[in-house]
Amino acid sequence: MSGKRIGAEAVATKGWLRANKWLLLRRLSQFGILTLFLLGPLAGIWIVKGNLNYSYTLDFLPLADPYVALQSAMTGHLPEKLGLIGLAIALVFYFLVGGRVYCSWVCPVNLVTDSAGWLRDRMGIKGSVHLSRNTRYWILGMTLVGSAGTGVVLWELINPVSMLHRGLIFGLGAAWTVVVAVFFFDLFVMSRGWCGHLCPVGAFYSLLGRWSPVRVAAPQRAACNDCMDCFEVCPEPQVIRPALKGEAKGVGPVILSPNCTNCGRCIDVCSKEVFSFGLRFNNPASTAKVE
Amino acid sequence: MATTNSKSPKSGAARRQFIFDAAKMACGVGMLGLGLGLYAKQAKALPPLALRPPGALPENDFLGACIRCGLCVRDCPYNILELAKPETPVATGTPYFTARNLPCEMCEDIPCVKACPTTALDHQLTDINKAKMGLAVLIDHETCLNFLGLRCDVCYRVCPVIDKAITLEMVPNQRTGRHAMFLPTVHSEHCTGCGKCEKSCVLEEAAIRVLPPKLAKGELGHHYRVGWEEQKKAGHSLMDESKMIDLPDRLPEGAMLPGHYDPASGHTEPMRGMAGSEAGIIPSLPPGLGGKP
Numbered sequence: 001m002s003g004k005r006i007g008a009e010a011v012a013t014k015g016w017l018r019a020n021k022w023l024l025l026r027r028l029s030q031f032g033i034l035t036l037f038l039l040g041p042l043a044g045i046w047i048v049k050g051n052l053n054y055s056y057t058l059d060f061l062p063l064a065d066p067y068v069a070l071q072s073a074m075t076g077h078l079p080e081k082l083g084l085i086g087l088a089i090a091l092v093f094y095f096l097v098g099g100r101v102y103c104s105w106v107c108p109v110n111l112v113t114d115s116a117g118w119l120r121d122r123m124g125i126k127g128s129v130h131l132s133r134n135t136r137y138w139i140l141g142m143t144l145v146g147s148a149g150t151g152v153v154l155w156e157l158i159n160p161v162s163m164l165h166r167g168l169i170f171g172l173g174a175a176w177t178v179v180v181a182v183f184f185f186d187l188f189v190m191s192r193g194w195c196g197h198l199c200p201v202g203a204f205y206s207l208l209g210r211w212s213p214v215r216v217a218a219p220q221r222a223a224c225n226d227c228m229d230c231f232e233v234c235p236e237p238q239v240i241r242p243a244l245k246g247e248a249k250g251v252g253p254v255i256l257s258p259n260c261t262n263c264g265r266c267i268d269v270c271s272k273e274v275f276s277f278g279l280r281f282n283n284p285a286s287t288a289k290v291e
Numbered sequence: 001m002a003t004t005n006s007k008s009p010k011s012g013a014a015r016r017q018f019i020f021d022a023a024k025m026a027c028g029v030g031m032l033g034l035g036l037g038l039y040a041k042q043a044k045a046l047p048p049l050a051l052r053p054p055g056a057l058p059e060n061d062f063l064g065a066c067i068r069c070g071l072c073v074r075d076c077p078y079n080i081l082e083l084a085k086p087e088t089p090v091a092t093g094t095p096y097f098t099a100r101n102l103p104c105e106m107c108e109d110i111p112c113v114k115a116c117p118t119t120a121l122d123h124q125l126t127d128i129n130k131a132k133m134g135l136a137v138l139i140d141h142e143t144c145l146n147f148l149g150l151r152c153d154v155c156y157r158v159c160p161v162i163d164k165a166i167t168l169e170m171v172p173n174q175r176t177g178r179h180a181m182f183l184p185t186v187h188s189e190h191c192t193g194c195g196k197c198e199k200s201c202v203l204e205e206a207a208i209r210v211l212p213p214k215l216a217k218g219e220l221g222h223h224y225r226v227g228w229e230e231q232k233k234a235g236h237s238l239m240d241e242s243k244m245i246d247l248p249d250r251l252p253e254g255a256m257l258p259g260h261y262d263p264a265s266g267h268t269e270p271m272r273g274m275a276g277s278e279a280g281i282i283p284s285l286p287p288g289l290g291g292k293p
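Chains as they are written, first to last, in the numbering used here: chain A, 1 to 291; chain B, 1 to 293.
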């Protein structure tokens, strides 16, 4: 609530549209994908069948969720041919564009947690339960070991991501309670709690995108005026510092942390145009030559 | 993240902190895992009236193989299947149907199995008549109209595998003493568990229901051999009947079993109603008379 709003400076210098470009594109992607899935059941236009766990587009393109497939594999079951092809396509795609592109551009829960994050900021809620951001990796490990131990695709029993997405397409039932719980957890209990600390789906996609070529970088970091807007708006703020403030330590400007979701929000809110999408290979230790 | 450079003088404290953090995580996440594991155990207890699509693996394997995509639901031309919602007592997101609401129509091309991207629905199943979604059981002999002596026959008529999966077995109606009862009888070898019989049972609550085979079927001891089948296989009796010793059957003192042939007991009435017996053929009672004491 204190004085300036995040990104106000960017809106003033770049205009509203350019200061929200990646956010708008991301929402377009999220709602677009959801619409494609919903056209079938709601309007009878069957472009995509299934849900995010596995879908079949135009009776031609199979796509399978590698995390669900991995849990299934842990129980000793492999997909059929189409499932394997879908799995391969998803693995290659997310490896190339960044694993957590799934989180920020596709996952429907992102809309929920982004809303909670936005409202948290607007309401000026400060307190947040402290929990390591590595917790999600532990949960990821637990679901894999647990799947092997129980013979059940374990995380699917309670996964809010698939519950929400499947629910919207096949009938929500009581799944809304889980979604509301995630919303209020992020709003009142823990800032960026679900996506940033707990969700093993995101953790899995982080690992998948560990070496992804497409990354956000801060090639113009010399221009940074320390307004902190990027840190404030970023769902994984810890990933920014090494790249943005690495000049002195000889660290390149590319955000290499696999926890970065490639959402591009930092690019939007920076009035100095420090950030841009780029490739991980274009990562010189020094960017000081600019200006 | 919790560790610092292990060569620094603070490495001891750092190591301790790291171990402490790891223990904290292992315990916290372990608790969650334990809860989830117990929930998974519950989730395996598929309610008896929820049936899996044709070709579904046994429940234990199904819950590992199914990726909850709903493609089988989509490709079912009759919209029989649905995905379990979180509040349903079926593992969340997995497909099932309830025969009493909508039974399987047994499509010849089995589109639900074809649509499955995993082995959860066994792609080896190409003949729908070989499906084993469950086993119909005429579970209530007290309310089934045919058991009351009426000719309802609906379950028999609607059965897609009529005269194989369900037959009508004629038995005398002991109550009236002069009618027949036609008892619907399910044969597990041919029943696919489609649920048409349960759906169409005319009672308020179905007297015939499709149950998981595990609930519906008994199992002989593996060492059991059924004599008459062994005899058929061998072409002759497996024992020398001339050497059989007939021991007296144990009956209550002074009891007589009419028609019971047991020469060793001394309790036996002369055999009646059979060729060569002294009493000759039992005369049938006139309608409405006798039959009961």
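Think of the hints as simulated: they come from the structure by calculation, not from any bench.
From the three backbone atoms N, C-alpha and C, an ideal C-beta is built for every residue, glycine too.
Please note that the accuracy of each hint is not assured.
Computed cross-link-like contacts, PhoX-like style, restricted to lysine-lysine with a CA-CA straight-line distance of at most 25 angstroms [to be verified]:
1) Lys272(A) / Lys249(A)
2) Lys232(B) / Lys81(A)
3) Lys81(A) / Lys130(B)
Sample of chain A residues with no beta-carbon within 10 angstroms of chain B, all distances over it, derived [what the hints assert, rightly or not]:
4) Ile6
5) Leu17
6) Lys21
7) Val112
8) Arg166
9) Ile169
10) Arg192
11) Cys224
12) Glu232
13) Ile240
14) Phe281
Item to check | Non-conforming hints, listed in increasing numerical order | outcome: Hints 2, 8 and 9 contradicted; others consistent.
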